[in-house]
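Undergrad: Below, each chain spelled out in residue letters.
Protein chains: 2
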Amino acid sequence: MKVVVDIMGADRGPAEIIKGAVEALADSRAVMVLVGDEAFIKAELKGYQYDPARIEIVDAKEAITNDDSPTNAIREKKESSLVKALEKTKNDPEVAGMVSAGSTGAVLTGAILKLGRIKGVARPCLAPLVPTAGDTTFTVVDTGANMDCKPEYLVQFAVMGAHYMRAMCGVENPRVALVSVGVEDKKGNELSKEAFARLKSLPDGVVNFVGNMEARDAMTGDYEVLVCDGFVGNVLIKSVEGAAMTVMKLLKSEIAASFRAKLGALFMKKSLRGLKRKMDYSALGGAALLGVDKAVVKSHGSSKAKTIRASIGQIVKMGERDIVGKIKESIRSTLSAAAEADAPSHE
Amino acid sequence: MKVVVDIMGADRGPAEIIKGAVEALADSRAVMVLVGDEAFIKAELKGYQYDPARIEIVDAKEAITNDDSPTNAIREKKESSLVKALEKTKNDPEVAGMVSAGSTGAVLTGAILKLGRIKGVARPCLAPLVPTAGDTTFTVVDTGANMDCKPEYLVQFAVMGAHYMRAMCGVENPRVALVSVGVEDKKGNELSKEAFARLKSLPDGVVNFVGNMEARDAMTGDYEVLVCDGFVGNVLIKSVEGAAMTVMKLLKSEIAASFRAKLGALFMKKSLRGLKRKMDYSALGGAALLGVDKAVVKSHGSSKAKTIRASIGQIVKMGERDIVGKIKESIRSTLSAAAEADAPSHE
Numbered sequence: 083m084k085v086v087v088d089i090m091g092a093d094r095g096p097a098e099i100i101k102g103a104v105e106a107l108a109d110s111r112a113v114m115v116l117v118g119d120e121a122f123i124k125a126e127l128k129g130y131q132y133d134p135a136r137i138e139i140v141d142a143k144e145a146i147t148n149d150d151s152p153t154n155a156i157r158e159k160k161e162s163s164l165v166k167a168l169e170k171t172k173n174d175p176e177v178a179g180m181v182s183a184g185s186t187g188a189v190l191t192g193a194i195l196k197l198g199r200i201k202g203v204a205r206p207c208l209a210p211l212v213p214t215a216g217d218t219t220f221t222v223v224d225t226g227a228n229m230d231c232k233p234e235y236l237v238q239f240a241v242m243g244a245h246y247m248r249a250m251c252g253v254e255n256p257r258v259a260l261v262s263v264g265v266e267d268k269k270g271n272e273l274s275k276e277a278f279a280r281l282k283s284l285p286d287g288v289v290n291f292v293g294n295m296e297a298r299d300a301m302t303g304d305y306e307v308l309v310c311d312g313f314v315g316n317v318l319i320k321s322v323e324g325a326a327m328t329v330m331k332l333l334k335s336e337i338a339a340s341f342r343a344k345l346g347a348l349f350m351k352k353s354l355r356g357l358k359r360k361m362d363y364s365a366l367g368g369a370a371l372l373g374v375d376k377a378v379v380k381s382h383g384s385s386k387a388k389t390i391r392a393s394i395g396q397i398v399k400m401g402e403r404d405i406v407g408k409i410k411e412s413i414r415s416t417l418s419a420a421a422e423a424d425a426p427s428h429e
Numbered sequence: 083m084k085v086v087v088d089i090m091g092a093d094r095g096p097a098e099i100i101k102g103a104v105e106a107l108a109d110s111r112a113v114m115v116l117v118g119d120e121a122f123i124k125a126e127l128k129g130y131q132y133d134p135a136r137i138e139i140v141d142a143k144e145a146i147t148n149d150d151s152p153t154n155a156i157r158e159k160k161e162s163s164l165v166k167a168l169e170k171t172k173n174d175p176e177v178a179g180m181v182s183a184g185s186t187g188a189v190l191t192g193a194i195l196k197l198g199r200i201k202g203v204a205r206p207c208l209a210p211l212v213p214t215a216g217d218t219t220f221t222v223v224d225t226g227a228n229m230d231c232k233p234e235y236l237v238q239f240a241v242m243g244a245h246y247m248r249a250m251c252g253v254e255n256p257r258v259a260l261v262s263v264g265v266e267d268k269k270g271n272e273l274s275k276e277a278f279a280r281l282k283s284l285p286d287g288v289v290n291f292v293g294n295m296e297a298r299d300a301m302t303g304d305y306e307v308l309v310c311d312g313f314v315g316n317v318l319i320k321s322v323e324g325a326a327m328t329v330m331k332l333l334k335s336e337i338a339a340s341f342r343a344k345l346g347a348l349f350m351k352k353s354l355r356g357l358k359r360k361m362d363y364s365a366l367g368g369a370a371l372l373g374v375d376k377a378v379v380k381s382h383g384s385s386k387a388k389t390i391r392a393s394i395g396q397i398v399k400m401g402e403r404d405i406v407g408k409i410k411e412s413i414r415s416t417l418s419a420a421a422e423a424d425a426p427s428h429e
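So the protein sequences, as listed, match chains L and F.
With the numbering used here, the residue at position 54 of the first sequence is 136, and numbering never jumps.
With the numbering used here, the residue at position 115 of the second sequence is 197, and numbering never jumps.
None of these hints come from the bench; they were simulated from the model.
Be careful, since some hints might not be right.
Note: identical chains are not told apart, hence a pair may lie in one copy or across any two.
Unchecked claim - As a list, the in silico DSSO-like pairs of lysine-lysine whose alpha-carbon atoms are at most 27 Å apart:
(1) K331 with K358
(2) K196 with K268
(3) K388 with K172
(4) K399 with K388
Starting from the given sequences, assemble the full structure and let the hints guide the process.
TA: Shown next, in the form of structure tokens:
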């Protein structure tokens, strides 16, 4: 098995990505395919000890940046690391999937254009893994691939998200909830109300739809798959991140303001570190792009080596458990059922 | 000045609301008009010492609950505390505004039907006060009054929210930001992109529009007015609330798991309490309903006495500073300018 790693476009520069890829060699038997400037990669690799049979290099001289228009960049920058990584991912049957920490827009556009959508999938979606207050994980689909959605997209996000959580996190029957403004059936906006009706009318066994939820309960561990459009999902996930950071910051400044508290914090050092670790999303890797024809993980632009390592681990897991195959199968079987159930409400 | 207080419909029952209203007597010279079952109110008031000239009672035998359909309840439950409170608020010129901790839907519907919208306001919006990481406050407009919005509603929310923050929190030139998925001008969904264009093209001085923002930065103190539709605003505010609660819970459980940490927490007691107090939204009161023709504050259903007291304080402040008058004036002057600027993009 091979994992393709685009080393360009990340905030901390290519060396950090290479470091993550080399570290990931310890986690599986997969071969890393590093895509970027060959001379640079070779020079960097001199700093590590590794089995040369487990690192492949694809030379690519260009980089796509956040300033590039995604569609133009994918079409025109044919020598870019992202385009070459996508091509390698598509054409080499040994490749399980790819990781990039580059421009989200370019990764999305590139994956859809170069790898293609799974047949029947209207819109691929981004699915990050987020820790709950307990020891479990949940995902939010979509967190930013689709700004304006139709109800049927949300139904597909639900199906893909449930398969992802089952295969990735071993949740037998993931609880799927629709993000709304209250738990009552009638709460929501036009999009969520229509999506609610469609999710409710899916044949038994397609997804374990438990109804509407409030964003307040995102981290309780009561749900494994939170369904919404990419604008709302992005706001949700970033609000959670920002609020958690703020509380930690306030805690720090409260501690700094008092001698007694500083003393107390010394005793609590391990616990405070435990708290920080529990809230550390980066240890869980990046966001999977579900619905394209190979595994793709978009790692955060500011990813450190350990996040890249975790993102590579996600691809390995997705490969081992054939998540793309499972999503294909589920889309074929269950979404045809959904389409039939939907038919009367369409024009 | 009088403040009308609907004592019914709250989760903790009417006695808690009465307690908050009596406590609020200490904060200003306003008269409290308690609306609910007269015999019950009189019996409760026996437990307090207060100036009888500063409490008025309006008898109302019925209550509107969360199970009632808002529109039907307002039309049919004419003896309900909410309907009577709204009528008193409308008809008594000495009344600065009203507070209710009852059903949000019924308060919204009732306020619009009974008090009426300010001329020119397309949709009133809910504006809560939320603490930042510093010592400042911000608002999110709308947090749930309007699930599906047009771009022009968001422009009005921005104008009303800015006037509210200026008058309530003394912010000279509140920074108004549009909630989006990135800070770049082109980021967003159809609604936010169109709202962005309209906010950008407002004549100078109408609002201090600083552009798009990410939900991650909601609590940084960089913005005083966050603009979005009511669905997104509701998700944002509840995500923040849920994440903050989760971190506090994790902190508690980390402390409970270790003897050393428990010892440390003893030393940190004051700091931890300070943190909790800083994050306590309830001390800031409820959400103002901006755009109706008198001041209305919707206090949280689970409000304790001190939240009711703070909500009453908001009404007093809104009365003293004539916020409704200022919004009227701003809508008249600036939104006519906005309408002219908008005209070409309308069909």
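Undergrad: Look at each hint and say if it fits the structure.
TA: These are the hints, each one checked on the structure:
no. : hint           : in the structure
1   : K331 with K358 : both (11 Å within a copy, 13 Å between copies)
2   : K196 with K268 : between (40 Å within a copy, 24 Å between copies)
3   : K388 with K172 : within (26 Å within a copy, 61 Å between copies)
4   : K399 with K388 : within (16 Å within a copy, 52 Å between copies)
In the structure shown, no violation is registered for any of the earlier numbered hints.
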